[in-house]
Amino acid sequence: MTAMSRFLIKTATELLKPPACLIILNNMRFIIFSVVLVAALSSCKNLVPYTESLRQKYNWNENQIKKIQFYNSRQIILQRQLEKDEIAIEGGKIKIRDGKKIEEIIIKRHTPGVAVSIPSRDRLEISFEKDDNHYLRFGVNPNEGKKFSLLASEWNNGIGKITYHGKTYYTSPDAAYVFLMVDLRKIDRIELNQRVARGRKVKD
41 MTAMSRFLIK TATELLKPPA CLIILNNMRF IIFSVVLVAA LSSCKNLVPY
91 TESLRQKYNW NENQIKKIQF YNSRQIILQR QLEKDEIAIE GGKIKIRDGK
141 KIEEIIIKRH TPGVAVSIPS RDRLEISFEK DDNHYLRFGV NPNEGKKFSL
191 LASEWNNGIG KITYHGKTYY TSPDAAYVFL MVDLRKIDRI ELNQRVARGR
241 KVKD
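Each residue of the sequence shown is one higher than the one before, starting from 41 at the first, in the working numbering.
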């Protein structure tokens, strides 16, 4: 190989190398992407159904249950027909359907809620808005793996008749399949922060 050939090969190799600034820029982009990805993954919820077996596993008492953040598995739509002389409403939207005024309240999927009352071990009253007087009832459903499903006074083709803040509403047709969920990652952190005092003995 001649000196000229070696010179040409060396020159071509140098020209093909990316500039140092480009290497630094690519590294910075990779670092930023990694940070964003880690932050996104850390903020992701690990939602699982709230079941009787889960409650028994952690042996939660009433006070502990009231500190748990609950979520609804599906969107819930509540509707009721307004009376002729009824004008003011407390929440939701008014729709005109076949000349009738319909109040509609939408509780979107994975809306956070809290337990405001625990009538029994297999019943929870969960509030997703405003105050403790606005709540929905959930209870153990043996046909759905003992999940805490939405309760109604009666069901007709998946449409439930429920009482919400003292008024009668009817749910959307798929409301019969709504159940409660909890973020297992937060539950695990709560459990890890708990400890039992072992007591102290007097010194001899």
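It is worth saying that the hints were derived from the structure and are not from the lab. Among the clues, some could well be false.
[Stated by the list, open to error] Straight-line C-alpha distance at most 20 Å; calculated EDC-like pairs for lysine to aspartate or glutamate:
| no. | residue 1 | residue 2 |
| --- | --- | --- |
| 1 | 106 | 172 |
| 2 | 207 | 102 |
| 3 | 106 | 184 |
| 4 | 148 | 123 |
| 5 | 97 | 184 |
| 6 | 148 | 92 |
| 7 | 148 | 169 |
| 8 | 106 | 92 |
| 9 | 107 | 184 |
| 10 | 186 | 123 |
| 11 | 201 | 143 |
Status of each hint after checking the structure:
Pair hint residue 106 plus residue 172 holds up; C-alpha atoms about 12 Å apart against a cutoff of 20 Å. Restraint check for residue 207 and residue 102: not satisfied, since their Cα atoms lie roughly 27 Å apart, outside the 20 Å limit. A distance of roughly 23 Å separates the Cα atoms of residue 106 and residue 184; the hinted pair therefore is violated under the 20 Å criterion. As the CA atoms of residue 148 and residue 123 are separated by approximately 26 Å, the hinted pair breaks the 20 Å bound.
Under the criterion of a C-alpha separation no larger than 20 Å, the hint pairing residue 97 with residue 184 is consistent with the structure, at around 18 Å. At roughly 24 Å between alpha-carbon atoms, residue 148 and residue 92 are farther apart than 20 Å, so this suggested pair is violated. At most 20 Å may separate the alpha-carbon atoms for a hinted pair to count; residue 148 and residue 169 meet this at roughly 11 Å. Taken as a hint, the residue 106 and residue 92 pair is honoured in the structure, with Cα atoms around 15 Å apart against an allowance of 20 Å.
Between residue 107 and residue 184, the direct Cα distance comes to roughly 25 Å. Violation of the 20 Å bound is thereby established for this hinted pair. With a C-alpha separation of about 38 Å, the suggested pairing of residue 186 with residue 123 is violated against the 20 Å cut-off. At most 20 Å may separate the alpha-carbon atoms for a hinted pair to count; residue 201 and residue 143 meet this at roughly 15 Å.
Checked against the numbered hints given earlier, this structure breaks hints 2, 3, 4, 6, 9 and 10; the rest are met.
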